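Chains as they are written, first to last, in this note's numbering: chain A, 1 to 256; chain B, 1 to 341.
Since the hints were made in silico from the structure, they are not lab data.
These figures come from a predicted structure and were not determined experimentally.
Each residue gets a CB set at the ideal place from its N, CA and C atoms; glycine is no exception.
Some clues are possibly wrong.
To be verified - Pairwise CB distance ranges (calculated):
#1 A:140 x B:89: 42 to 48 Å
#2 B:133 x A:93: 24 to 30 Å
#3 B:252 x A:51: 56 to 62 Å
#4 B:339 x A:93: 21 to 27 Å
#5 B:265 x A:219: 54 to 60 Å
#6 A:47 x B:265: 36 to 42 Å
#7 A:70 x B:297: 44 to 50 Å
#8 B:65 x A:73: 51 to 57 Å
#9 B:190 x A:61: 49 to 55 Å
#10 B:265 x A:198: 47 to 53 Å
#11 A:21 x B:143: 31 to 37 Å
#12 B:297 x A:204: 42 to 48 Å
#13 B:89 x A:43: 31 to 37 Å
#14 B:338 x A:119: 24 to 30 Å
Said to hold, decoys possible - Using 20 Å as the maximum straight-line C-alpha spacing, the simulated DMTMM-like pairs for lysine to aspartate or glutamate come out as follows:
#15 A:40 x A:256
#16 B:55 x A:54
#17 B:42 x A:21
#18 B:294 x A:47
#19 B:278 x B:318
#20 B:55 x B:119
#21 A:67 x A:54
#22 A:216 x A:136
#23 B:125 x B:64
#24 B:42 x A:93
#25 A:69 x A:21
#26 A:70 x A:39
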Amino acid sequence: MYKIIFWFCFMSFVIAGFSQDVRLSPPRASIGMAMVSRDKPAALTYDFRMQGSEIRYTTDGSQPSQKSKKYRKSIRISKPCTVKARAFHPVFEVSAVAESVFVSRGHTFSILSATQPDTRYVAGGVSMLSDGLFGDTDFRQHYLGYDMGPVEIIINPDPKKEVSLVNIACMIRQGAWIFGPQSIRVFDGLGRQVGEELIQDAAVNTDPCHRVIAIKIQAERYSSLKIVVEPLSRIPDWHDGRGQPAWFFIDEIWIE
Amino acid sequence: MTRRTFLIQNTILMSALPFAAHAFDPKKPVFGHNEKRYTWDKTWLDVNKTLPGVKDCHEMVLTENGDILLLTNDTRNNFIRISRDGRIRAAYGHEFPGGHGLTAGGVKGDEFLMVTDTETHRVAKTTLDGRIIRTWDYPAESGKYQTEASFIPTETVVTPDGELYVADGYGEQYILHYDSEGHLKNVFGGRGPDPEHLDNAHGICIDTRNSLPTLIITDRNRCCFKRFSMDGRYLETISLPGANVCRPVIRGDFLYAAVLTSGNTGNTNTGFVVILDKDNKLISAPGGSVPAYKNGVCMESYQTVQLFRHPHDVLIDEDENLYVCQWNSGHVLPVKLSPYV
Chain A
1 MYKIIFWFCF
11 MSFVIAGFSQ
21 DVRLSPPRAS
31 IGMAMVSRDK
41 PAALTYDFRM
51 QGSEIRYTTD
61 GSQPSQKSKK
71 YRKSIRISKP
81 CTVKARAFHP
91 VFEVSAVAES
101 VFVSRGHTFS
111 ILSATQPDTR
121 YVAGGVSMLS
131 DGLFGDTDFR
141 QHYLGYDMGP
151 VEIIINPDPK
161 KEVSLVNIAC
171 MIRQGAWIFG
181 PQSIRVFDGL
191 GRQVGEELIQ
201 DAAVNTDPCH
211 RVIAIKIQAE
221 RYSSLKIVVE
231 PLSRIPDWHD
241 GRGQPAWFFI
251 DEIWIE
Chain B
1 MTRRTFLIQN
11 TILMSALPFA
21 AHAFDPKKPV
31 FGHNEKRYTW
41 DKTWLDVNKT
51 LPGVKDCHEM
61 VLTENGDILL
71 LTNDTRNNFI
81 RISRDGRIRA
91 AYGHEFPGGH
101 GLTAGGVKGD
111 EFLMVTDTET
121 HRVAKTTLDG
131 RIIRTWDYPA
141 ESGKYQTEAS
151 FIPTETVVTP
161 DGELYVADGY
171 GEQYILHYDS
181 EGHLKNVFGG
191 RGPDPEHLDN
201 AHGICIDTRN
211 SLPTLIITDR
221 NRCCFKRFSM
231 DGRYLETISL
241 PGANVCRPVI
251 RGDFLYAAVL
261 TSGNTGNTNT
271 GFVVILDKDN
281 KLISAPGGSV
291 PAYKNGVCME
301 SYQTVQLFRH
311 PHDVLIDEDE
321 NLYVCQWNSG
331 HVLPVKLSPY
341 V
């Protein structure tokens, strides 16, 4: 009994002493989002120069805990997955999650046309939307920026291959008035709607992130697809920009 | 287990505890590296008892009696005077809606403050209690400015002879050099890709660590400081990748600077502090990553602990305590770090 009481007191002291309200920053991942295939895998590395810290990660989408795998060297990724990593330290609070998303390379296609973005945010031009590369946290690079909709993008898939999924990647950085879209519709070459995704949480307060939106379409061979994106038309009341139209920043489209 | 064995075990464990506690130093997380390590003095200011208005905290100076004078862009009280033991002594001044740069000048008995205002596009010389003595509007005589709006001064420095340098860090990126009468005598810097150009010339100071005084000027968007001669000749670049440095602050042999954000200014809620030695080598980064060099080149620094949100200026008192004030950080007063011993 004494032993139990003692250990209880001892551990309470240790926990009280060690609990701190300064949180670690997330570890720095070399890749935020990338396309992978068996032939072209990606090498994910982490950087976190802090004495006494360690990085633990998962590849199944679960929250990394102190029991998760410890990061030691570059991780090879050849299949679509989400890698989540957090920094741990005996003195500081565990960090938020650093997330790296790996998606399938998908089919090749060409972009026929796209609505002209705001002249300040044209990056590498419309062809950048199918270059297999994603932007990072800087919206001035590798994103097309729009402050009004609809944003229409017409693509020409390979007519020999069936398409059932259209994916778009966009930035969410609400502090800079950049929100996810409120809807995406996909039409075939005859103008028939073949898929639709309504984004219910577009106006919800969200931490800055890179979001992938997948639109299921009727599985068919298409020679042409028109993707119509409606940016959030009205910034919600909780935001400084309330009532104004939101910005929409897109960096990649791919089809599967 | 008998009571006796329990007591013996207990004694051993308890005697080991102070050692273990010291080794882990559980109650005092340590920030920074090498000879510049600090603990966070949480008891210094009760931020919940913030009486004065605080919008963004921009810069600080030490007053003649060792108080900390803070400049905020809150016109309910642009100046907040805080004693070193954390008492708010006074809060005053309503003239600076864009109060940004705060520099002390003058000699004992004739001290003054230089304040830059990014909203009213002017530089002001004030008394220590914030009364405006003189102002400088946009330097039309330089031929570099067409309108008042393009002059957005962020910082000043005053030489012992009373000459003034103004850094137009949010405007056209020029450094404006005025003689002791307040007349414009030189203009250098400006936008552009070359080494002598600046991109967010956010701060300026006189480096007196070497026999020949020189200017150190912030190039924040390019994460570096640039050294210029007092007559505006570019001399060298001190690169600090990843560090969006604010103004340089020299104390003793060291150069200190608040780092607004890690990497680029889009990385909100990050930031740390950098400390460089006399050779301008990064030796400590409180709140940031362990300083590292590869083949003599400084490696990218970044935030590792969320101690700060957008640090904007640092101040070091005579006991080497480090005060950090922050921009857009939830209306908080400065954070105090004490040397780790």
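Is 42 to 48 Å right for how far apart the beta carbons of residue 297 of chain B and residue 204 of chain A are? Holds: the Cβ-Cβ distance is about 43 Å, inside 42 to 48 Å.
Between residue 265 of chain B and residue 219 of chain A, does the beta-carbon spacing fit 54 to 60 Å?
violated (45 Å)
Would the hint linking residue 67 of chain A and residue 54 of chain A be met if the CA-CA limit is 20 Å?
OK: residue 67 of chain A and residue 54 of chain A at ~12 Å, within 20 Å.
Exercise for the section: Kindly confirm whether 24 to 30 Å is satisfied by the beta carbon distance between residue 338 of chain B and residue 119 of chain A. Expected result: Violated, since residue 338 of chain B and residue 119 of chain A (Cβ atoms, about 51 Å apart) do not stay within the stated range.
Using the beta carbons of residue 190 of chain B and residue 61 of chain A, state whether their distance is inside 49 to 55 Å or not.
holds (50 Å)
Q | Supplied distance hint 44 to 50 Å, evaluated on CB atoms of residue 70 of chain A and residue 297 of chain B | A | Taking Cβ atoms as reference, residue 70 of chain A and residue 297 of chain B lie about 29 Å apart, which means the hint is violated.
message: Check the hint pairing residue 294 of chain B with residue 47 of chain A against an upper bound of 20 Å on the C-alpha distance.
response: holds (15 Å)
Query raised in the report: Should the hint that residue 21 of chain A and residue 143 of chain B are 31 to 37 Å apart at their CB atoms be regarded as holding?
Result: violated (54 Å)
- Do the Cβ positions of residue 65 of chain B and residue 73 of chain A conform to the proposed distance bound of 51 to 57 Å? holds (56 Å)
**Agreement of residue 55 of chain B and residue 54 of chain A with the hint, judged by alpha carbon distance not exceeding 20 Å** = violated (37 Å)
Residue 125 of chain B paired with residue 64 of chain B [C-alpha distance capped at 20 Å]:
holds (17 Å)
Exercise for review: Take the C-beta atom of residue 265 of chain B and the C-beta atom of residue 198 of chain A, compute their distance, and say whether it sits inside 47 to 53 Å.
Suggested key: Violated - the Cβ-Cβ distance for residue 265 of chain B and residue 198 of chain A, about 34 Å, lies outside 47 to 53 Å.
Checked against the numbered hints listed earlier, the structure breaks hints 2, 3, 5, 6, 7, 10, 11, 13, 14, 16, 22, 25, 26; every other hint is satisfied.
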